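Here my numbering is used: the first residue of the sequence shown is 1, the next is one more, and so on.
No lab work stands behind these hints: they were computed from the structure. Fair warning: there could be bad hints in the mix.
[Stated by the list, open to error] Here are the simulated lysine-lysine pairs, PhoX-like style, with alpha carbons at most 25 Å apart:
hint, residue 1, residue 2
1, LYS75, LYS21
2, LYS21, LYS74
3, LYS57, LYS10
4, LYS167, LYS116
5, LYS75, LYS167
6, LYS74, LYS202
7, LYS76, LYS94
8, LYS21, LYS94
9, LYS147, LYS21
10, LYS156, LYS75
[Claimed, not checked] For each label pair, taking beta carbons as the anchor points, the in silico distance ranges come out as:
hint, residue 1, residue 2, range
11, LYS3, ASP152, 37 to 47 Å
12, GLN233, MET1, 22 to 32 Å
13, PHE144, GLU185, 17 to 27 Å
14, HIS121, ASN217, 34 to 44 Å
15, GLY250, VAL73, 35 to 45 Å
16, ARG184, ILE223, 28 to 38 Å
17, ARG96, GLU216, 30 to 40 Å
18, TYR5, ALA25, 37 to 47 Å
19, ARG96, ARG184, 15 to 25 Å
20, LYS94, ASP193, 16 to 26 Å
Please read all numbers here as calculations on a predicted model, not as lab measurements. For glycine and all other residues, C-beta sits at the position ideal for the given N, C-alpha and C.
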Amino acid sequence: MHKYYEINEKGNNIRCKVYCKDRPAARRAVLYCTGFAGHRDNGAAEKFAESVFSRYKDVIVIVFNWPSHGDDVKKKLNLEDCSTYLELVIEDMKTRFGCTELYSYATSFGGYLILKYISEHGNPFRKISLRCPAVYMYDVLTRFIMKNDEYDRIMKGKDVQVGFDRKIIVTKALLDELQANDIRERDFLEYADDILILHGTKDEVVPFESCREFAENNVIELIPVENADHRFQNPACMSLANRQTMQFFGFQ
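Take these sequences, add in the hints, and give me the full structure.
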């Protein structure tokens with residue numbers, strides 16, 4: 001059902017994973033973008049792929065490691081590398097697999113990066129579904145992900161490992177980048193009809209209200225998922241998000 005592969009372009013080594021039921025039949029590809037400290041062996045991505053394959057055989061789902069995430073070789077995270085990875089993975093989806101229709105399903109930090117990318121490079125996807133996107137990633141990282149004295153240590157110039165089960169090295173340079181790239185200040189009206197947001201009302205990492213305000217300002221459809229936390233750990237909530245995403249993508 002899945003296969004690992006690597007993209008080696010422009011001095012980068014991007015480690016990817018593709019879920020595929022029938023590769024010769026594949027004409028549609030979903031790029032699944034994980035959140036902060038996520039990796040290509042993401043359980044939610046696998047569940048989404050299973051949901052897709054229960055109904056469709058002409059779709060593939062691709063997951064990759066962001067810079068410094070998972071077993072990626074880069075030691076420190078920066079936004080330029082993230083944009084480069086996205087660009088290379090998008091081009092590789094078309095050339096390696098020959099898919100003519102591209103979609104994206106992104107969560108949290110991955111949602112932030114997708115929004116940042118399309119605001120700077122245009123939208124290569126037919127549809128984008130965002131689950132709990134971290135629309136103000138600087139605030140999410142410094143207020144809800146960092147613990148104890150991590151912020152103070154970073155402000156003093158120290159590199160600190162930050163995250164959940166897995167850790168990512170966070171530098172002051174990264175925080176400065178995030179603060180300077182607040183996507184709430186950007187206009188997404190041009191892409192609004194092609195974006196769907198699903199957000200848990202009990203999200204403990206990305207405040208629901210911040211996302212609701214972002215959606216309203218850009219006339220983007222937002223579906224509140226009652227009692228869902230940030231990771232949508234309730235299987236019923238995750239199933240709902242996956243169904244709504246496939247429906248929004250127009251899969252038939």
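Verification of the supplied hints:
no. : hint                         : in the structure
1   : LYS75 to LYS21               : violated (34 Å)
2   : LYS21 to LYS74               : violated (31 Å)
3   : LYS57 to LYS10               : violated (33 Å)
4   : LYS167 to LYS116             : holds (23 Å)
5   : LYS75 to LYS167              : holds (11 Å)
6   : LYS74 to LYS202              : violated (34 Å)
7   : LYS76 to LYS94               : violated (28 Å)
8   : LYS21 to LYS94               : holds (18 Å)
9   : LYS147 to LYS21              : violated (41 Å)
10  : LYS156 to LYS75              : holds (20 Å)
11  : LYS3 to ASP152: 37 to 47 Å   : holds (44 Å)
12  : GLN233 to MET1: 22 to 32 Å   : holds (23 Å)
13  : PHE144 to GLU185: 17 to 27 Å : holds (20 Å)
14  : HIS121 to ASN217: 34 to 44 Å : violated (21 Å)
15  : GLY250 to VAL73: 35 to 45 Å  : holds (37 Å)
16  : ARG184 to ILE223: 28 to 38 Å : violated (20 Å)
17  : ARG96 to GLU216: 30 to 40 Å  : holds (39 Å)
18  : TYR5 to ALA25: 37 to 47 Å    : violated (19 Å)
19  : ARG96 to ARG184: 15 to 25 Å  : violated (35 Å)
20  : LYS94 to ASP193: 16 to 26 Å  : holds (23 Å)
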